[in-house]
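Protein chains: 2
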Amino acid sequence: MDIRTINALSYEDFVAYLGNVVEKCPIITAAVWSRRPFANLAALEAAINEFIEALPESGKEGILRCHPDLAGRDLQSGTLTTESREEQGQAGLDALEATEVSRMARLNSEYKERFGFPFVICARMNNKATILRQLLERLGNERAEERARAVDEVKKIGHLRLRALVLTDAVNKL
Amino acid sequence: MDIRTINALSYEDFVAYLGNVVEKCPIITAAVWSRRPFANLAALEAAINEFIEALPESGKEGILRCHPDLAGRDLQSGTLTTESREEQGQAGLDALEATEVSRMARLNSEYKERFGFPFVICARMNNKATILRQLLERLGNERAEERARAVDEVKKIGHLRLRALVLTDAVNKL
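Protein chains in written order, with my numbering: chain P, 1 to 174; chain H, 1 to 174.
Take the hints with a grain of salt, since some may be wrong.
With a straight-line cut-off of 20 Å between C-alpha atoms, the simulated SDA-like cross-links for lysine to any residue are [stated by the list, open to error]:
1) K156(H) to E86(H)
2) K112(H) to K112(P)
3) K112(P) to A8(H)
Sample of chain P residues lacking proximity to chain H, with all beta carbon distances greater than 10 Å (derived) [claimed, not checked]:
4) V32
5) A43
6) N49
7) G59
8) A105
9) K128
10) Q134
11) L136
Honestly, the hints are just simulated from the structure, not real lab data. Here a beta-carbon is modelled for each residue, glycine too, at the ideal position from N, C-alpha and C.
Start from the sequences and build out the full structure, keeping to the hints where you can.
Encoded structure:
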């Protein structure tokens with residue numbers, strides 16, 4: 001799908017197509033539809049990131065709280081979004097040993113207790129070893145520093161989701 | 001459920017419980033969790049409304065675009081959220097005659113074409129006659145005026161959803 005096609009979408013199709021670029025936050029995609037036309041995919045991505053940055057800190061925390069735990073309950077019960085399932089699978093989080101699952105659960109709980117939001121990381125850019133290492137490291141951050149770091153990860157996830165949706169689709173349509 | 005119980009909820013339970021007070025915008029509920037403890041239900045509602053009001057105009061339009069059409073495709077195909085299904089049903093929109101369905105579809109299309117977001121009204125405070133009349137009237141509004149009007153309806157819907165969830169649950173638990 002090229003940018004002209006995207007710019008011509010109704011808000012309903014735009015949201016149906018790109019509504020989960022930020023996990024469970026279709027309001028963000030729906031809001032940036034107001035900013036079309038976009039010169040290119042990077043401009044659409046920039047509009048999404050500007051919207052996120054303009055939110056109050058509570059709103060950024062709200063975005064984080066819409067994310068599932070890594071290797072958590074939603075993965076076990078099959079209730080992840082399509083995008084999250086693929087991402088966690090690609091990082092190997094759907095094939096952990098029992099001891100790894102319980103270690104991840106313990107660290108996720110500790111993180112959520114400390115920060116009030118879940119540990120968010122771009123799983124596609126990591127594997128289970130680097131995810132565990134960063135979870136341990138980031139547990140030592142201050143709250144504001146960690147919130148900003150987690151929001152950066154949201155943007156990385158969005159970057160890859162957007163490209164996967166738009167570019168894969170373009171290839172399929174050739 | 002009383003306010004002390006609500007204030008003691010983890011963000012996960014809070015969002016699971018109240019995440020659809022604003023249709024398909026769990027980010028809003030998730031954001032206001034940062035503002036707890038709430039003195040009472042009205043204070044929680046006020047926090048939600050303050051969050052909405054602090055959004056840029058595109059963000060308010062984003063909220064509106066997360067709402068389904070009244071008597072539209074989602075109602076026909078059974079893909080409304082639980083809350084929307086009950087609200088549209090109570091207003092009689094699930095029992096329209098074919099001519100009424102097509103009239104509503106035509107007016108919804110005209111409205112979306114004009115404003116770039118769907119017609120939002122608190123269905124529980126209306127019936128099919130008043131909904132149709134207001135749809136016709138509001139089609140004559142200017143865009144900014146109509147956006148503000150629609151956001152007011154979002155707040156009315158949220159007010160009733162919040163009370164239904166919290167107070168009904170309180171009765172069930174007696």
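Hints, verified against the model:
no.: 1; hint: K156(H) to E86(H); verdict: holds (15 Å)
no.: 2; hint: K112(H) to K112(P); verdict: violated (41 Å)
no.: 3; hint: K112(P) to A8(H); verdict: holds (15 Å)
no.: 4; hint: V32; verdict: violated (7 Å)
no.: 5; hint: A43; verdict: holds (15 Å)
no.: 6; hint: N49; verdict: holds (14 Å)
no.: 7; hint: G59; verdict: violated (5 Å)
no.: 8; hint: A105; verdict: holds (13 Å)
no.: 9; hint: K128; verdict: holds (23 Å)
no.: 10; hint: Q134; verdict: holds (21 Å)
no.: 11; hint: L136; verdict: holds (22 Å)
The earlier numbered hints that this structure contradicts are 2, 4 and 7.
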